[in-house]
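Enquirer: Residue numbers (this note's numbering), protein chains in the order written: chain X, 13 to 326; chain S, 16 to 245; chain A, 31 to 338.
Bear in mind the hints are in silico, worked out from the structure with no lab data behind them.
The reader is advised that the hints may include incorrect statements.
Stated by the list, open to error - Sample of chain X residues with no beta-carbon within 10 Å of chain A, all distances over it, derived:
1) LEU33
2) LEU45
3) ARG118
4) GLY121
5) GLN156
6) ASN292
7) VAL303
Said to hold, decoys possible - Partial list, derived from the structure: chain X residues whose beta carbon lies under 10 Å from chain A:
8) LEU37
9) TYR40
10) ASN44
11) LEU70
12) VAL127
13) PHE131
14) ALA138
15) LEU140
16) ILE256
17) LEU296
18) LEU305
19) ALA311
20) ILE313
21) ILE317
To be verified - Away from chain X, derived, C-beta distances all over 12 Å, residues of chain A:
22) THR131
23) GLY137
24) ILE195
25) PRO234
26) VAL235
27) ILE280
This structure is a prediction, so every number in the text was calculated from the model and none was measured.
Note that the Cβ used here is the ideal one computed from N, Cα and C, for glycine as well.
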Amino acid sequence: MTVNARSTVLHLGLIAILIVLGLVLPTYHQGNLARILVLATYAIGFNVLFGYTGLLSLGHAMFFAAGMYGCGLAMHLADWSVLPALGMGLASAAALSLVVAVLALRTIGVAFMIVTLMFAQAFFLAALYLGEWTGGDEGFVIAQARRQLAGFALTEPLTRFFAALTVFSVALLLTAWLMQMPFGRILIGVRENEERTRMLGYDVFRHKLLAVVISGTISGGAGAAYAVLFGYVGATFASVQYSIFPLLWVLLGGMGTTIGPLIGAAFMFYLIDYASGLTNAYLLIVGAALVLLTLFARAGIVGEIRKRWVPWLP
Amino acid sequence: MILLETKGLTRIYGGLRAVDDVDFSLARGEIHALIGPNGAGKSTFVGMVSGRIPASKGEVWFEGRNITSLPAHVRIKQGMAYTFQITAIYARLSLFDNVALALGSRDRPAVLEALARVGLADRAAQTAGDLAYGHQRLLEIAMGVAQAPQLLILDEPTQGLAESEIEGFNHLIRSLAGDTTILLIEHNMQVVMALADTITVLDTGKILSRGTPDEIRANSDVQNAYLGVG
Amino acid sequence: MDFGPHLLLAVLEGAVGAAVLALTALGLSLVFGVMRVVNVAHGEFFMLGAVVAWFIASPIAAHPAIGFVAALAIAPLVAGGIAVVVDRLVLKRVEYDPEATIVGTIGVLYIIQQSALMIYGPEARPVEPPFNHRIALPWVEWGDSGLSFYYPWGLSTTSYKLFVIVAAVAILVTFWSVMSRTRLGLIMRATQLDRETAVAFGIPVQRVYSIVFGFGAALAALSAVLIVPIQQAHYLMGHDPLLLSFIVVIIGGLGSVRGTVVAALLIGMSDGIISVFLSPTLSKILATLLVALVLVFRPQGLYGKKMA
Chain X
13 MTVNARSTVL HLGLIAILIV LGLVLPTYHQ GNLARILVLA TYAIGFNVLF
63 GYTGLLSLGH AMFFAAGMYG CGLAMHLADW SVLPALGMGL ASAAALSLVV
113 AVLALRTIGV AFMIVTLMFA QAFFLAALYL GEWTGGDEGF VIAQARRQLA
163 GFALTEPLTR FFAALTVFSV ALLLTAWLMQ MPFGRILIGV RENEERTRML
213 GYDVFRHKLL AVVISGTISG GAGAAYAVLF GYVGATFASV QYSIFPLLWV
263 LLGGMGTTIG PLIGAAFMFY LIDYASGLTN AYLLIVGAAL VLLTLFARAG
313 IVGEIRKRWV PWLP
Chain S
16 MILLETKGLT RIYGGLRAVD DVDFSLARGE IHALIGPNGA GKSTFVGMVS
66 GRIPASKGEV WFEGRNITSL PAHVRIKQGM AYTFQITAIY ARLSLFDNVA
116 LALGSRDRPA VLEALARVGL ADRAAQTAGD LAYGHQRLLE IAMGVAQAPQ
166 LLILDEPTQG LAESEIEGFN HLIRSLAGDT TILLIEHNMQ VVMALADTIT
216 VLDTGKILSR GTPDEIRANS DVQNAYLGVG
Chain A
31 MDFGPHLLLA VLEGAVGAAV LALTALGLSL VFGVMRVVNV AHGEFFMLGA
81 VVAWFIASPI AAHPAIGFVA ALAIAPLVAG GIAVVVDRLV LKRVEYDPEA
131 TIVGTIGVLY IIQQSALMIY GPEARPVEPP FNHRIALPWV EWGDSGLSFY
181 YPWGLSTTSY KLFVIVAAVA ILVTFWSVMS RTRLGLIMRA TQLDRETAVA
231 FGIPVQRVYS IVFGFGAALA ALSAVLIVPI QQAHYLMGHD PLLLSFIVVI
281 IGGLGSVRGT VVAALLIGMS DGIISVFLSP TLSKILATLL VALVLVFRPQ
331 GLYGKKMA
């Protein structure tokens with residue numbers, strides 16, 4: 013089998029396993045897995061920029077939240093139905109990521125990290141400030157009756173699971189395909205050696221710009237899906253913590269790998285779930301995981317597997 | 016027929032004129048060597064030609080068009096290729112991926128052919144950073160050649176190559192001659208004398224002299240400034 | 031209150047904020063200047079200072095000044111000591127790689143913050159100020175009989191707030207003389223200028239880094255001890271100082287002491303003044319956007335170097 017055929021088998025196999033899991037798991041874990049799939053979609057979006065292009069944003073929560081607010085407010089305030097509201101979420105995230113990209117890409121390295129952090133902070137504060145519409149810290153709940161798509165109730169656990177799986181699969185297959193394309197190869201070139209890539213005749217700025225927009229839009233799509241599937245929109249999702257989470261998931265799962273974001277998100281979700289049963293200081297786990305990953309396993313779980321045993325892993 | 020021309024090209028760093036009002040022209044198909052002592056402004060000059068370094072003053076013309084205001088990547092797309100003085104390959108990618116990015120295509124036979132030109136075809140799957148230094152230089156040259164440029168700019172290509180590899184390099188460059196115009200910065204005078212059709216000597220940012228290898232060898236100014244020392 | 035007295039009050043509140051902010055930001059700036067890394071956990075060292083101050087001051091039943099002085103001495107040592115451990119265990123191991131350091135110190139941020147939650151709890155607790163006299167302030171007015179003084183209702187400050195300003199200025203002056211007059215300062219400046227040359231001249235760069243990292247954390251903790259009698263200690267209190275310090279260090283120019291102090295005055299004063307008249311959230315939004323745009327369009331800040 014060629015490498016491309018192998019990765020197609022891997023991705024379709026993964027989706028098949030997830031379908032089976034959705035059908036056999038008890039409701040509690042089915043709900044968890046649906047949430048993990050949406051969060052993993054967010055991580056996939058983050059991975060496009062961090063893992064493949066080598067740009068570390070510390071403000072991705074603003075894209076996730078832009079999708080969430082774009083979609084949620086359209087449903088909550090303007091009574092839109094699910095599909096156009098999802099479109100609104102995607103459009104909001106795409107527009108925001110374009111503006112942020114044009115400004116932030118004038119900087120590099122640590123400055124890029126701080127600029128994205130600051131923009132996200134301004135977004136978060138704005139969400140609080142506009143509490144009259146956004147509900148601020150409290151957020152708002154989207155009425156169950158509105159969360160219907162083509163006659164299916166997205167509030168019903170199994171339907172919700174398959175909706176989440178659809179969102180995840182689209183993001184997974186889209187990015188896996190994109191990274192096989194010349195465009196994705198050039199992003200990897202930018203990550204590995206920006207100046208060399210420029211001097212091979214590639215427009216580095218345009219590629220980075222597109223990477224930010226694609227990454228931000230996928231993240232926003234995840235945020236919009238979260239609003240629709242779980243019916244809650246709040247400023248927490250725009251906070252610094254939600255910018256750090258995808259970084260953690262991708263580092264843990266393996267940056268620049270297609271399935272790493274899911275592995276990292278699932279692992280961390282259950283770790284936090286377990287820890288929060290023990291103590292209210294469960295975020296301690298997050299801190300410890302970040303430090304340990306930085307020190308001992310920068311390649312993450314899938315990255316280490318690729319390094320040691322399965323070099324073809326996409 | 017002139018492929019490349021510079022008019023009054025100047026680069027000022029602080030108060031220092033690293034390249035000072037250089038008028039230069041390069042005929043199509045020529046192998047042209049740029050020599051001169053360290054700090055003469057050779058790398059800065061080709062940096063301005065390729066667009067890596069913005070010119071303080073002056074113009075660059077390529078294939079009859081003024082390209083002074085174009086960014087580097089557009090100049091490359093219009094038919095230049097540039098190899099770095101300090102090896103700049105994708106160290107964590109395979110040789111195949113390195114050349115594929117230079118080629119702009121993952122067509123296997125084409126990539127392998129480009130690697131074969133520097134004798135690295137059997138190492139296509141290896142990680143570039145694991146190669147010996149000389150082989151990394153060769154890979155870099157292969158990437159420049161793979162772009163099939165009108166103008167190939169080589170900044171100190173033989174630095175760190177063994178004698179036998181230099182032989183292969185000379186052979187490769189001669190095989191390109193005619194189709195590809197080559198602008199070469201080189202310290203190794205044997206390579207310069209063996210390859211160059213014309214030589215330009217730069218000193219303190221200015222053109223000191225220009226001529227065939229024999230003329231340059233005979234020029235006493237050049238001997239004082241450069242050859243005598245080296 | 032009329033506009034004039036109201037403004038004077040805002041300026042006084044702003045000056046207290048600016049004084050403490052200058053100290054906190056100086057710690058962050060020092061670490062960036064010498065070590066070329068960004069310490070995202072800086073705000074947590076600030077929080078540690080306040081929380082440790084509470085642990086020290088609250089069991090002492092005698093005069094509150096005794097507990098306060100003890101806290102002033104011990105809290106910076108504790109925070110500095112923990113910072114040295116972080117430097118040895120994390121930063122040194124990633125060889126001060128700028129990006130790895132950021133990710134690593136984000137981890138440290140959560141570890142310190144959540145440990146404080148476990149040990150200290152989620153409550154906000156006050157520390158009693160060592161002294162606290164209300165000082166009414168006069169205002170001038172053109173009356174029938176020419177210029178006259180009067181004491182508007184509500185225009186007052188406390189002796190402790192004035193002390194905070196004086197103490198911060200004294201610490202800044204001390205810091206400046208340490209940097210410019212002592213051998214330790216010379217070694218730090220040499221390391222900042224050129225790491226390789228410093229190594230060549232036999233400066234123990236690794237030890238300098240540990241000291242600088244500890245010193246930066248101690249400055250943050252010290253400013254927290256100063257402010258905790260006014261603000262109360264809470265395990266999440268490190269967030270705002272971190273953000274404001276970032277803003278100050280970026281606007282002032284990275285690693286520039288003069289720029290940091292000037293920017294702290296600018297940001298602290300305007301934050302204080304604007305918050306009196308505008309919503310504090312709105313003023314924070316404007317400040318964060320401003321700093322992002324400064325980084326984009328004028329990365330060298332008012333004084334100092336580019337962040338690469």
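Enquirer: With reference to the structure, classify each hint as holding or not holding.
Expert: A quick look at each hint next to the structure:
1. Non-interface call for X:LEU33 relative to chain A: holds, since the shortest CB-CB distance, roughly 30 Å, exceeds 10 Å.
2. With a cut of 10 Å on Cβ distances, X:LEU45 stays outside the contact zone with chain A, its closest approach being about 25 Å.
3. At roughly 5 Å, the least C-beta separation between X:ARG118 and chain A is not larger than 10 Å, which violates its mark as non-interface.
4. Non-interface call for X:GLY121 relative to chain A: violated, since the shortest CB-CB distance, roughly 5 Å, does not exceed 10 Å.
5. Once the 10 Å rule is applied to beta carbons, X:GLN156 is consistent with being away from chain A; the minimum gap is 32 Å.
6. Not every beta carbon of chain A lies more than 10 Å from that of X:ASN292, the smallest distance being close to 7 Å; the non-interface claim is violated.
7. Distance check for X:VAL303 against chain A: the nearest CB is about 4 Å away, which does not clear 10 Å, and the non-interface claim fails.
8. Hint status for X:LEU37 relative to chain A: violated, with the closest Cβ pair at about 30 Å, above 10 Å.
9. Taking 10 Å as the C-beta cut-off, the interface hint given for X:TYR40 is violated, the closest approach to chain A being about 26 Å.
10. Below 10 Å, beta-carbon pairs count as interface contacts, and X:ASN44 has none with chain A, the closest being about 22 Å; its hint is therefore violated.
11. Interface hint at X:LEU70: satisfied, since its Cβ lies 8 Å from the closest Cβ of chain A, which is below the 10 Å cut-off.
12. A distance limit of 10 Å between C-beta atoms decides the matter here; for X:VAL127 the minimum to chain A is near 5 Å, and the interface restraint holds.
13. Restraint check, X:PHE131 versus chain A: the minimum CB separation of about 5 Å is within 10 Å; hint holds.
14. Contact between X:ALA138 and chain A, as hinted, is supported at the beta carbon level, the nearest pair being about 6 Å apart and thus within 10 Å.
15. Interface hint at X:LEU140: satisfied, since its Cβ lies 6 Å from the closest Cβ of chain A, which is below the 10 Å cut-off.
16. Residue-level restraint check for X:ILE256 holds (minimum Cβ-Cβ distance to chain A is 6 Å; threshold 10 Å).
17. The interface hint given for X:LEU296 holds, since its Cβ lies 4 Å from the closest Cβ of chain A, which is under the 10 Å cut-off.
18. With its C-beta approaching chain A no nearer than about 8 Å, X:LEU305 sits inside the 10 Å limit, and its interface hint holds.
19. This hint is violated: X:ALA311 has a C-beta 13 Å from the nearest C-beta of chain A, more than the 10 Å allowed.
20. The restraint placing X:ILE313 at the interface with chain A is violated, with a minimum CB-CB distance near 16 Å, outside the 10 Å limit.
21. At about 21 Å, the closest approach between the beta carbon of X:ILE317 and any beta carbon in chain A exceeds 10 Å, and the interface hint on this residue is violated.
22. For A:THR131, the shortest C-beta to C-beta distance to chain X comes to about 8 Å, within the 12 Å cut-off, and the non-interface label is violated.
23. Taking the minimum C-beta to C-beta distance to chain X, about 3 Å, the non-interface status of A:GLY137 is violated against the 12 Å cut.
24. With a closest Cβ-Cβ approach of about 28 Å to chain X, A:ILE195 is found to remain outside the 12 Å limit, as its non-interface label requires.
25. No Cβ of chain X comes within 12 Å of the Cβ of A:PRO234; the nearest lies about 23 Å off, and the non-interface call holds.
26. Distance check on A:VAL235: its Cβ is at least 20 Å (rounded) from any Cβ of chain X, clearing the 12 Å threshold; non-interface status holds.
27. In this structure A:ILE280 is not separated from chain X by more than 12 Å, as the shortest Cβ-Cβ distance comes to only about 7 Å.
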